[in-house]
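If you read the protein sequences in the order shown, they are chains C and L. So for the first sequence, this note's numbering puts the first residue at 1; every next one is plus one. So for the second sequence, this note's numbering puts the first residue at 1001; every next one is plus one.
It is worth saying that the hints were derived from the structure and are not from the lab. Careful, some of the hints might be misleading.
Residues from chain L shown here face chain C by an in silico Cβ test under 7 angstroms; the list is partial [said to hold, decoys possible]: (1) 1314; (2) 1324; (3) 1370; (4) 1506; (5) 1510.
Don't be surprised by glycine CBs; every beta carbon is placed ideally from N, CA and C.
One-letter residues, chain by chain:
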Amino acid sequence: MLTRRTVVGKMALAAMLPAIAASPLSAIAATATPKPTPEELATAALLHTAFPHARLDAAFYSGVAGRYLAEIAKDPAAMAEHRRGLALLDGSYIAPFAQLPEMVRRSMVARYDQEPFFKALIWRGAELIYRDAAVWKMVGYEGSSVEYGGYIERGFDDIDWLPAAGGAK
Amino acid sequence: MTHFSLDDSSVFVVIGSGAGGGVLGNELAQKGHKVVCLEAGRRLEMSDIVNDEAAMFGKLTWLDRRMATGKPDPNFPVWGCKTVGGTTMHWTGACPRFEPHEMRARTTYGALPDTTLVDWPVTPEEIAPWYDKAEVRLGVTGRQGMPFLPPGNNFKVLEAGARKCGYTDIDTHNMAINSIERDDRPSCHQLGFCTSGCAVGAKWSTLYTEIPKAEETGRFELRPECMVTGIELGPDGRVSGVTYLHQGKRVTQKARAVAVAGNVVETTRLLLNNSSDRHPQGLANSSGLVGRNYMRHFTIQVMGVMPGKVHFHRQTHLAGVVRDERGHRPERGFAGGFLISTVPFTPEILAKNMITGGWGRDLTEVLDKYDQLAGMLLTGEDPPQLSNRITLHPTERDGYGLPVPVIHYEDHPNTIAMKEYAWKAGRRIYEALGAENVIEMGDYIPATHNMGTARMGDDPRASVCSPFGRTHDVANLYIADGSLFPTAGGCNPTLTIVALALRQAQHIDREVAAGRL
Ligand SMILES: Cc1cc2nc3c(=O)[nH]c(=O)nc-3n(C[C@H](O)[C@H](O)[C@H](O)COP(=O)(O)OP(=O)(O)OC[C@H]3O[C@@H](n4cnc5c(N)ncnc54)[C@H](O)[C@@H]3O)c2cc1C
Ligand code: SF4
Chain C
1 MLTRRTVVGK
11 MALAAMLPAI
21 AASPLSAIAA
31 TATPKPTPEE
41 LATAALLHTA
51 FPHARLDAAF
61 YSGVAGRYLA
71 EIAKDPAAMA
81 EHRRGLALLD
91 GSYIAPFAQL
101 PEMVRRSMVA
111 RYDQEPFFKA
121 LIWRGAELIY
131 RDAAVWKMVG
141 YEGSSVEYGG
151 YIERGFDDID
161 WLPAAGGAK
Chain L
1001 MTHFSLDDSS
1011 VFVVIGSGAG
1021 GGVLGNELAQ
1031 KGHKVVCLEA
1041 GRRLEMSDIV
1051 NDEAAMFGKL
1061 TWLDRRMATG
1071 KPDPNFPVWG
1081 CKTVGGTTMH
1091 WTGACPRFEP
1101 HEMRARTTYG
1111 ALPDTTLVDW
1121 PVTPEEIAPW
1131 YDKAEVRLGV
1141 TGRQGMPFLP
1151 PGNNFKVLEA
1161 GARKCGYTDI
1171 DTHNMAINSI
1181 ERDDRPSCHQ
1191 LGFCTSGCAV
1201 GAKWSTLYTE
1211 IPKAEETGRF
1221 ELRPECMVTG
1231 IELGPDGRVS
1241 GVTYLHQGKR
1251 VTQKARAVAV
1261 AGNVVETTRL
1271 LLNNSSDRHP
1281 QGLANSSGLV
1291 GRNYMRHFTI
1301 QVMGVMPGKV
1311 HFHRQTHLAG
1321 VVRDERGHRP
1331 ERGFAGGFLI
1341 STVPFTPEIL
1351 AKNMITGGWG
1361 RDLTEVLDKY
1371 DQLAGMLLTG
1381 EDPPQLSNRI
1391 TLHPTERDGY
1401 GLPVPVIHYE
1411 DHPNTIAMKE
1421 YAWKAGRRIY
1431 EALGAENVIE
1441 MGDYIPATHN
1451 MGTARMGDDP
1461 RASVCSPFGR
1471 THDVANLYIA
1481 DGSLFPTAGG
1491 CNPTLTIVAL
1501 ALRQAQHIDR
1511 EVAAGRL
């Protein structure tokens, strides 16, 4: 059982809200380059460690990594901070971060998860990953419904496993 | 299109077009008065409303700079709208009434240390007929003959779990969302995007209810993209007009009287930023209370990974309520109470909400079971404290060149005790149904309910406004939003804002008839 409120830290923007600069996602996987650079590999490994979904493959995470790197490339300070973070991770162990077993990666990220580079990555990473239609499909979120007449005829009340489900008074 | 001259000093100026301003403006126009409604935001068309939270956040939300100290997010302490319709675009439509014991908070709760608890100067008996009128106006379900909305999945989980815990006061809530076609608007199609502006118009928003109706009278002029910065006084000490910024230009409109409904933070900023020799502490602030006693309710969440599919995104955000914890039962260890209702999240918002607490499997385990999630929102009374306060930053300026408002807020120990209890109560509900995992979260969400900074009262030294919302200091200056609330109650504020606005309109109408306005 989790009790998140005991470990809650303040983020820059309130968590309830979607990002101000919302850019739609299109075919993440297509943006993945055939030969990933070490930077892309490390960023992808970091994203995989932060958001591990068994149903998402390596190509997916490298696609998100590529997109993230392309975005921060426009912001030298953000890129410098990200590179500083990757250097911390790569320099702390015998092998580059991307080549470490998952368990080791997790414990290393735990050591650095209050660093600005990581906070920035998971914030934007959450947007890039969970605004993707393919991920919606995977987790069962159905998105915009107005064009289908809403969910009123599409299962808004179809729950069938409750003990003696009641109704409105 | 009605157009009033800037020199027409017989018009009523209403600042803000949300719940308070939209209703007051329409009501005055219906009663035969001329109204100019000044709104800082743009006027959207129905076709601008899409089922996309991120896109609508950009179109609707008030993003001008604000700051905070204490508990809230330092850069985004308050969540509201800047658009025609105000925060009735974002709102989820829940319309509970204040309970009589909450309107007599000081009498019921006694002297709570470090608070300024008072009884309302308006009695429950006096406000009851105005609640009736407000419910008819908004088409509130389960009231005045309007049927309840149908129960959907997220609500059914809440209800089943709550009944197992012994709760009984449970239904799909009193909602300003059409359960039947009414008022030229359709019934709710269960789109599931209520906080993004209702794309079909089933949810009451002043954008497509009060405002067009007011315009039909031929006595109401809405001026969007007009940010009011000044309230001018004549030699007699009464308001003579207001000044606003429109497309970079300063414009002054003369006025017979002015009502401010900018939603607490902006209402406070406008008053404090209009100091003069006569009003050295800010307009209408001889009591020193403008900006003080800021209240915001706590809003926390509990998510449950349930044993079967829920699909909680498939319905109205706020889809039902459990009222059993609303009462005042000091044996729980705190004064006042709270409501339990439903809430869904998109995967993105859920993830962001959760990464404030962690990452990795803790997070993705929950997201992987997204379709099994049920969610609840717990909202409870917040006692007034003098030290919780909105002030103006001495040097920082926003895009208009106005001083940035600074919100200082800390939880009272009573609030902390109630929250701890509420988290446990929420957890129990999902555990009663065999939840695989229960997640308690959301202590840092920005305020959606704002109250208290220009409280009503009979004593001009202990309150800012009269029981009709007229400022004690300026005879033709009114406040028409949650700033008036002397205490916060344990429920959502908007129905009460609307009831008070309707009552204020009648008061103004009578004052005009009596030759006093
Ligand atoms: C996500 C969300 C969900 C909510 N759900 C509920 C709910 O279920 N039930 C409930 O009771 N309440 C709910 N609320 C709260 C509800 O929206 C507010 O209580 C209500 O809208 C307040 O009405 P108002 O008129 O005071 O302010 P608003 O509706 O915010 O309107 C104020 C308007 O004034 C304008 N303005 C401000 N300053 C100026 C200025 N200087 N010049 C010109 N214009 C100005 C703003 O742009 C805005 O349009 C919710 C709020 C949010 C954010
Ligand atoms: S669920 Fe109902 S009220 Fe909410 S957006 Fe959809 S139609 Fe409108």
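Results for each hint:
no.: 1; hint: 1314; result: holds, 4 angstroms
no.: 2; hint: 1324; result: violated, 13 angstroms
no.: 3; hint: 1370; result: holds, 4 angstroms
no.: 4; hint: 1506; result: violated, 33 angstroms
no.: 5; hint: 1510; result: violated, 39 angstroms
Consistency note: the structure conflicts with the earlier hints numbered 2, 4, 5.
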